[in-house]
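Residue numbers (our numbering), protein chains in the order written: chain A, 1 to 370; chain B, 1 to 370.
Be aware that a few hints might be false.
Put simply, identical chains are the same to the list, so a pair is met inside one copy or across any two.
[Said to hold, decoys possible] Cut-off 30 Å, straight-line C-alpha distance, at most; resulting in silico cross-link-like pairs (DSS-like, lysine-lysine):
#1 Lys-152 - Lys-331
#2 Lys-325 - Lys-104
#3 Lys-152 - Lys-108
#4 Lys-325 - Lys-152
#5 Lys-104 - Lys-331
#6 Lys-309 - Lys-152
#7 Lys-104 - Lys-309
#8 Lys-104 - Lys-152
#9 Lys-325 - Lys-108
If you're looking for bench data, these hints aren't it; they were derived computationally from the structure.
Protein chains: 2
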Amino acid sequence: MTIIGEPLNAIDTPALVVDMHRMEENILRVHRATFDAHLQMRPHIKSHKTPEIAQMQIAAGAVGITCAKIGEAEVMSTGGIDDIFIANSLVGETKMRRLVALAKRTPKLSIAVESMEAARQASDVFDAAGLELEVMIEIDAGAGRTGVAPAKAVAFADAVAELPALTIVGVMSYASHFAYTARGEAELVEGAAREGEIISGFAEMLSDAGHDIRRISGGSTPTAGRYQEGCGLTEIRSGTYVFYDRNQVDIGAAPMEQVALSVLATVVATPTPERAIIDAGTKGLSQQVGSVSDGYGWLPEVPGAKVVKINDEHGFVDVTEAARKLEIGEKVRVVPPRAPTCLNLYDWIYAVRDGVVEDVWRIAARGRNT
Amino acid sequence: MTIIGEPLNAIDTPALVVDMHRMEENILRVHRATFDAHLQMRPHIKSHKTPEIAQMQIAAGAVGITCAKIGEAEVMSTGGIDDIFIANSLVGETKMRRLVALAKRTPKLSIAVESMEAARQASDVFDAAGLELEVMIEIDAGAGRTGVAPAKAVAFADAVAELPALTIVGVMSYASHFAYTARGEAELVEGAAREGEIISGFAEMLSDAGHDIRRISGGSTPTAGRYQEGCGLTEIRSGTYVFYDRNQVDIGAAPMEQVALSVLATVVATPTPERAIIDAGTKGLSQQVGSVSDGYGWLPEVPGAKVVKINDEHGFVDVTEAARKLEIGEKVRVVPPRAPTCLNLYDWIYAVRDGVVEDVWRIAARGRNT
């Protein structure tokens, strides 16, 4: 018995569901706008962790992908992706051994570096294997997360350039603070421009110091498709634009009608007229609360119904202001506040088109978090 | 190459690690105290989702286990557990079909019921299959989550008793509000007693109405091992007592020296003297923040070091008040605020004894959330 060809409502719950038509539209719209600005797409796959979706992005013109973890890159390489950038600092003996093995079976591999310890470890193992590794210098653009301080970037790049097996090919930053403080189209476009200015400034600084900076990498979901020609970047690493979520709607990155990901849940109890209980809680929706709108989930087909509280196995839907009441046994779609943390709870994703299950994909890189 | 027999530090990060000695002690201590009070243990396995740990609980005298989901029960039945109680309301055609299949291969199976819709669905499919199903009446003891209202419990039980295939065997409540508002030993013992009073009151009410109430089920982790003889319960469903976590330490349920579960993480950057970045964020520790102590993780070997902020792949460790600084490349153990939500992110758990990996278990019921 297969679920393929069955209606959405035949899926057992809780389950992760993607609307294929919306996802295809999201990919095409964002890629087209990016290519129109003469930029490359190198989407971050940590949002979907699914080789089939990565292949859709490549088919829609992405030059390659970005991963957070070696484990994700291993899965994507096996899944047929040829050009992989790992946008995180990697340290440790096991990771170095895995990185060399990955490089041997991946036509194009690059990683981010932000510390001499990490850079030296990578250079040592690649040198010993008789291989070269392309690296992107990660610089802190003000998000205060990772990356070398701008004032130390030239000295750091100079030192990395001295290492035998590493080749500096570019610069990257994660400048989410411009995107996530913006609200609405004009501010998002402005945020994308500000991000481009800052990161291309870093690139210029390193170029002036004699480094060959070919790739200038930025990107976040709110700014996806909003970078203009001449913004100073060369490639965009946005990821969640394939799905969007409630936070992105609140920011103004996409209307609710473009949100492609939801959790299918069943109403299991209606203890009071104001409250319905669904079978998706912290393990079906995640503990993530909306960053703008307060709540754990929204029911697009029942306007006004919102998940206001969760525990491990249950979500509490407040129906006080809902368009209608919910009934025990009925299945409802719930849009999460943030897609990547919700997706990370599931092993499978149901691809649905026009209310019919078209495919079921393994979220093959989930749990591959080392 | 196997990791078994290797030192803790050989494990690639982030990774979930259980201290075997502590877990064995936790299980023995809680079970012994429970048996001393002439109560049965039926631990909730949603905290660990691992058949090997369920088998340790059975070996330590548990009468059976409690599950939240049919998927968990399927895995545990395959893992050799003979007596399973599903403590949640189940509805829907697919779930009913799976429940019958599970009953056929599990010597003792029981479920909770709290709505006529759910009860009727179960009775219909079991009746059609020529089988009987034991059910526990779930009553809301004031936690305001699920369960029928106490005032409606007798009428509900009467109606359930009319259904052809269901046999009422007991009553259950989840009365966490007594446990989680308590602080320290005396209040926890008092909370356990209050819980026993309320739930056994429900049992009496149903017995008085003519129902044969053999099982009276309660339990939470803070109160585990703190129920006294004559408390009115017959079986305890606590779960996280095998591990404990920072929240349990804050409540006073266990000292930090009994916490058995931690995440092994690597320091990947030290951007400022006050801040170290580890490779465990929302996907390695969870978004859960401590319910008493504010934070996402604590480093037991580095007193004063605390994870104060997380994003998807990184944890920000504040070392301002730490006993020492952290170095890039070093591996640190991090105790999460809440064990079950952290464990739910991983596929494997490393069983470590005296600093050496003794076994690696698949968290086989993780992701089995339908």
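Do the hints match the structure? See the list:
1. Lys-152 - Lys-331: between (55 Å within a copy, 26 Å between copies)
2. Lys-325 - Lys-104: Neither: 57 Å inside a copy, 37 Å across copies.
3. Lys-152 - Lys-108: within (28 Å within a copy, 66 Å between copies)
4. Lys-325 - Lys-152: between (59 Å within a copy, 21 Å between copies)
5. Lys-104 - Lys-331: Answer is between; shortest inter-copy Cα gap is 27 Å, intra-copy 47 Å.
6. Lys-309 - Lys-152: between (45 Å within a copy, 24 Å between copies)
7. Lys-104 - Lys-309: neither (48 Å within a copy, 36 Å between copies)
8. Lys-104 - Lys-152: Neither, since 32 Å and 67 Å both go past 30 Å.
9. Lys-325 - Lys-108: neither (54 Å within a copy, 37 Å between copies)
Of the numbered hints given earlier, the model fails hints 2, 7, 8, 9; all others are met.
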